[in-house]
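> From first to last, the protein sequence lines stand for chains A and B.
Residue numbers for the first sequence follow our numbering, beginning at 1 and rising by one.
Residue numbers for the second sequence follow our numbering, beginning at 1001 and rising by one.
Treat the hints with caution; some may be incorrect.
Claimed, not checked - Simulated restraints on C-beta separations:
(1) B/LEU1096 - A/LEU25: 34 to 42 Å
(2) B/LEU1199 - A/ASP58: 28 to 36 Å
(3) A/THR105 - B/ALA1183: 34 to 42 Å
(4) A/GLU98 - B/PRO1215: 41 to 49 Å
Claimed, not checked - No more than 27 Å apart at the CA atoms, straight line, and that leaves these computed lysine-lysine pairs for DSSO-like:
(5) B/LYS1133 - A/LYS100
(6) B/LYS1135 - B/LYS1038
(7) B/LYS1038 - A/LYS100
(8) A/LYS96 - B/LYS1038
(9) B/LYS1029 - A/LYS100
(10) B/LYS1133 - A/LYS96
(11) B/LYS1029 - B/LYS1135
(12) B/LYS1135 - A/LYS96
Derived from the structure by calculation, the hints contain no laboratory data.
Glycine residues also receive a C-beta, built at the ideal position from the N, C-alpha and C atoms.
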Amino acid sequence: MSNTRLFLLAGLMLALGLALFASPLASGSPDGLERVAEDKGFIDTATDHGLSDSPVADYAVRGVDDERISTGLSGVIGVLITFGVGLGLFGLMRMKRESKDAAATGEET
Amino acid sequence: MHIPDGFINAGTSVGAGVVAAGGLGVAIKKTSEYMEDKQVPLAGLTSAFIFAVQMLNFPVAAGTSGHLLGGVLAAILVGPWAGVICIAVVLIVQALFADGGITALGLNILNMGLVTALGGYTLYLALRRILPKRKTSVIVAAGIAAGLSVVLSSIAFWAEFAIGGNVDINLSAVFGAMVGVHALIGIGEGLITAATIALVLSVRPDLVYGAADLPTNLQLRPQADPAGGLS
């Protein structure tokens, strides 16, 4: 296994580990924006999220009752989806460049 | 820092959506121009790592938390334009988790992607220019720029709120509160960013876009040792 592959695998393991084991320990307090919205009185202008019925809404997997496991699992799902979407998108951009390069070379010859 | 639906009116949200879409268009074009094979999985990993760390809210004051935004981290790892895309991917996936409003997606991409990755990276470059050219400077500049990027992002929210807030309240009080709490969150952002960059620099300095100018990186190229044949 090349050094780069090993690095990527270790990085992905770290992200998955943080999502699974550390996210259930994260602070549940409102974040900075929510705190300001509460203090200054505009928190109530927030409306329900369009995907609040999503099976992973609010970082909890529907059907998994244990809160910590549910949060951790939702994190793992999110990390994997993000990695997949990122790979796909950046891969497409790489291909776009390749075809552009090929076209440019074609014109020269 | 994720704006939910409803905080900002429709017109302002649409306006921010147009700016965000335009910014993403430029980002895709620029990234397509320089993306190398080895950067594809690294950019995917950067997105995934930021998704994970954004879940890790840390306490900053009584009853208040903050989490990494990651724009500067992504920009230094994979370049500012690819960094914008990394954050946009994170924000779009987070919508599945009902985090950050759907109509507010443009606002959130603008504040947490474009403002932090481009604005923060500009700060990073400015700091690198005045600091000596070595590894420590990369780490220090990354931390400071990341911390300040959170404050920039909070000011961007305030500006949007001033234009299109759905409630009539004292704007200068909101400004003070936003900048105050996000200065604290920025300390966490700076520490996490500096630690992550230090970690990657220690194992694979050649993978850090924002450190490509370091002499250690240049030496990684196979080079003939002038004295090699003599000994």
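> A separate judgement is required for each hint: does it hold in the structure or not?
Hint check:
1. With their beta carbons about 23 Å apart, B/LEU1096 and A/LEU25 fall outside the hinted range of 34 to 42 Å.
2. Between B/LEU1199 and A/ASP58 the beta carbon distance is about 30 Å. The supplied range of 28 to 36 Å therefore holds.
3. Restraint check, A/THR105 to B/ALA1183: a C-beta distance of roughly 51 Å breaks the suggested window 34 to 42 Å.
4. Under the hint 41 to 49 Å, the C-beta atoms of A/GLU98 and B/PRO1215, about 31 Å apart, miss the expected range.
5. At most 27 Å may separate the alpha-carbon atoms for a hinted pair to count; B/LYS1133 and A/LYS100 exceed this at roughly 35 Å.
6. The straight-line distance between the Cα atoms of B/LYS1135 and B/LYS1038 is roughly 22 Å, inside the 27 Å bound, and the hint therefore holds.
7. Between B/LYS1038 and A/LYS100 the CA atoms are separated by roughly 18 Å; this keeps the pair inside 27 Å, and the hint holds.
8. The hinted pair formed by A/LYS96 and B/LYS1038 meets the criterion: a straight-line CA distance of about 15 Å does not exceed 27 Å.
9. With a C-alpha separation of about 12 Å, the suggested pair B/LYS1029 and A/LYS100 falls inside the 27 Å cut-off, and the hint holds.
10. Distance restraint check for B/LYS1133 and A/LYS96: the Cα-Cα separation of roughly 35 Å exceeds the 27 Å cut-off, and the hinted pair is therefore not satisfied.
11. For the suggested pair B/LYS1029 and B/LYS1135, the alpha carbons sit about 30 Å apart, so the restraint of at most 27 Å is broken.
12. Between B/LYS1135 and A/LYS96 the CA atoms are separated by roughly 34 Å; this puts the pair beyond 27 Å, and the hint is violated.
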